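For this one, chain R is given, so just place chain B on it according to the hints.
Going down the list, the protein sequences come from chains R and B.
For the first sequence, the positions run 5 to 333 when this note's numbering is used.
For the second sequence, the positions run 5 to 333 when this note's numbering is used.
These are calculated hints, taken from the structure and not from any lab test.
It is possible that some hints are incorrect.
Put simply, identical chains are the same to the list, so a pair is met inside one copy or across any two.
List time: in silico EDC-like cross-link candidates among lysine to aspartate or glutamate, alpha-carbon distance up to 20 Å [stated by the list, open to error]:
#, residue 1, residue 2
1, K275, E208
2, K149, E252
3, K149, D122
4, K51, E185
5, K85, D108
All of these numbers come straight from a predicted model, not from anything done at the bench.
2 protein chains.
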Amino acid sequence: MQNNTPNIAVVGATGLVGRTMLKVLEEQNFPFADLKLLASSRSAGSKIKAFGMDYTVEELTENSFENVDIALFSAGGSTSKKFAPAAVKSGCIVVDNSSAWRMDTEVPLVVPEVNPEDIKLHKGIIANPNCSTIQLMPVLNVLNKKYTLKRVICSTYQSISGAGQAGVDKLLGELEGNKVEGKHQIAFNTMFHAVSESQEDVTEEELKMVNETRKILHIADLPVMYTCVRLPILGGHAESVNLEFEQEIDLEEIRNLLNSSEGMEVVDDLKHEVYPTPQSVNGKDGIFAGRIRRDHSATNAIALWVVADNVRKGAATNAVQIAQKLLEI
Amino acid sequence: MQNNTPNIAVVGATGLVGRTMLKVLEEQNFPFADLKLLASSRSAGSKIKAFGMDYTVEELTENSFENVDIALFSAGGSTSKKFAPAAVKSGCIVVDNSSAWRMDTEVPLVVPEVNPEDIKLHKGIIANPNCSTIQLMPVLNVLNKKYTLKRVICSTYQSISGAGQAGVDKLLGELEGNKVEGKHQIAFNTMFHAVSESQEDVTEEELKMVNETRKILHIADLPVMYTCVRLPILGGHAESVNLEFEQEIDLEEIRNLLNSSEGMEVVDDLKHEVYPTPQSVNGKDGIFAGRIRRDHSATNAIALWVVADNVRKGAATNAVQIAQKLLEI
Numbered sequence: 005m006q007n008n009t010p011n012i013a014v015v016g017a018t019g020l021v022g023r024t025m026l027k028v029l030e031e032q033n034f035p036f037a038d039l040k041l042l043a044s045s046r047s048a049g050s051k052i053k054a055f056g057m058d059y060t061v062e063e064l065t066e067n068s069f070e071n072v073d074i075a076l077f078s079a080g081g082s083t084s085k086k087f088a089p090a091a092v093k094s095g096c097i098v099v100d101n102s103s104a105w106r107m108d109t110e111v112p113l114v115v116p117e118v119n120p121e122d123i124k125l126h127k128g129i130i131a132n133p134n135c136s137t138i139q140l141m142p143v144l145n146v147l148n149k150k151y152t153l154k155r156v157i158c159s160t161y162q163s164i165s166g167a168g169q170a171g172v173d174k175l176l177g178e179l180e181g182n183k184v185e186g187k188h189q190i191a192f193n194t195m196f197h198a199v200s201e202s203q204e205d206v207t208e209e210e211l212k213m214v215n216e217t218r219k220i221l222h223i224a225d226l227p228v229m230y231t232c233v234r235l236p237i238l239g240g241h242a243e244s245v246n247l248e249f250e251q252e253i254d255l256e257e258i259r260n261l262l263n264s265s266e267g268m269e270v271v272d273d274l275k276h277e278v279y280p281t282p283q284s285v286n287g288k289d290g291i292f293a294g295r296i297r298r299d300h301s302a303t304n305a306i307a308l309w310v311v312a313d314n315v316r317k318g319a320a321t322n323a324v325q326i327a328q329k330l331l332e333i
Numbered sequence: 005m006q007n008n009t010p011n012i013a014v015v016g017a018t019g020l021v022g023r024t025m026l027k028v029l030e031e032q033n034f035p036f037a038d039l040k041l042l043a044s045s046r047s048a049g050s051k052i053k054a055f056g057m058d059y060t061v062e063e064l065t066e067n068s069f070e071n072v073d074i075a076l077f078s079a080g081g082s083t084s085k086k087f088a089p090a091a092v093k094s095g096c097i098v099v100d101n102s103s104a105w106r107m108d109t110e111v112p113l114v115v116p117e118v119n120p121e122d123i124k125l126h127k128g129i130i131a132n133p134n135c136s137t138i139q140l141m142p143v144l145n146v147l148n149k150k151y152t153l154k155r156v157i158c159s160t161y162q163s164i165s166g167a168g169q170a171g172v173d174k175l176l177g178e179l180e181g182n183k184v185e186g187k188h189q190i191a192f193n194t195m196f197h198a199v200s201e202s203q204e205d206v207t208e209e210e211l212k213m214v215n216e217t218r219k220i221l222h223i224a225d226l227p228v229m230y231t232c233v234r235l236p237i238l239g240g241h242a243e244s245v246n247l248e249f250e251q252e253i254d255l256e257e258i259r260n261l262l263n264s265s266e267g268m269e270v271v272d273d274l275k276h277e278v279y280p281t282p283q284s285v286n287g288k289d290g291i292f293a294g295r296i297r298r299d300h301s302a303t304n305a306i307a308l309w310v311v312a313d314n315v316r317k318g319a320a321t322n323a324v325q326i327a328q329k330l331l332e333i
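Looking at chain R on its own, in the form it has when it is part of the complex (with noise of 0.2 Å):
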């Protein structure tokens, strides 16, 4: 990008999401000219406090995009799939939350850790992959640079701040004794994410890390299987996963693999209670992998757990994070 000192746009700012993207912005000192904060007439005219500044929250229409150089969207999918055409058509690079884009073909789906030569063949429009495909993705294109990977199997343990400020608010109110709204309580339970419109027995979400796995790591048909489960926790999200692979590995060369990648921690000692949790990854920006350890129920197979913040790294930051190799462009 020729400018280095953008104009920047966040749309749906008063969100969980978009609230964080500030916060990302301003830690990571962030270089901009001007900040426009954008979201529905609901939430214009409202205060959001960001860079020691008060802004006040401007209305998305479509023409809030002039002299805009990059907008962050974290909007939903009906708002992106309205507005980012908009955005682009007035010269603006979009970097989109939602999963309206994602599977586009003239859409890049980048985690910058894994695949950011991508961004380069953008059309004006970049897409944030999912949450719970972020936090993998690193992990699954370090290891298979070493070793190819062969079968992915992953269980994910989701944080109900998948489901936003809205969910948060949800299972806090039925912790208080609110009435269960829906088929499944949240408090001291599990549930799925809805069903997916193409496939009765698969939800949306986990046909999103399928679909997103193999865009991000350029393996059109990589055998992997998912099955996301929500559950009473208010952030971060885990996942465990076993881990096939053509060539022989080696345990501790993978821990150096892991730890010593961009944005990933190793945090593994079970003997005294080491490893990551969705406490102990709160208002992190990273990805963290613990319980690493041989799968023998397969040949050269291992299994690990990971962790991230689902708002920070499965969102905000990672959208930050490429608005920010943008700028090296």
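Same frame as chain R, but now just chain B:
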């Protein structure tokens, strides 16, 4: 057993599992002549209501088992190690819910739907398997008979009631603002069980599941891999299971096999949000399977979700069922 109205004892009668044993004995109209409730000296003298009567808890001693025909033990491993042999010496048959005797080659480890014939081999003690093992065994057994198991991968979603009433109280206390004791918070978090003594990278719970699965199914080298996770759930264990088979599978047949198996029920209509959860199985004696689908990441593979009340089928109910089988021999 020649006597079909035996004198019975419940050891650890004041604990979470002990109290549930009494409930299940009553619900199942378990025939007995006399009932003795035993516990440590701390609990001796307290009253427990069962079968419409007030029973006084007696202190457990080596002489407690005179004239007792069947004793259901749920008082921890060290108590079982110490008192089960004394009970056997008195001519009593012990059904033990602790892990103390499970891997003893002289002790049958029984899930009545799976290996009832092993009961006959007892020499005084019959072991009740670990909760997370029990609920998976009938699933594995019925599918193994039809298609021959090749590999089992399972990630568990376990409630804190696996740690007894103390665990439940700890979670509820944390939710009310109590200070976190120990390294990991239970509320809004995930944690692993204690590390095993023999293997630094595996938890006790995972090792139990590996060893017990192979012993119950009588497949000494079955490739199995478990990741056991404790969650902020009060009761009910769920398991995300990936199975590979030697023979070609038929999903409809699998559904029918599971649904028509003793003690098992298929609850599986994702489109209408129908699947078993820890909440939905609360207080039930059965094993519930949902999310039954092909695992396209391997040949002849499926994924499914198995849920049961860990205090019931995972402990008390299974022990009572073993005692019922004893009466039939």
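Practice problem: Run the structure past the numbered hints and jot down the numbers of the failing ones, going up. | Solution: Of the numbered hints given earlier, the structure breaks just one, which is hint 4.
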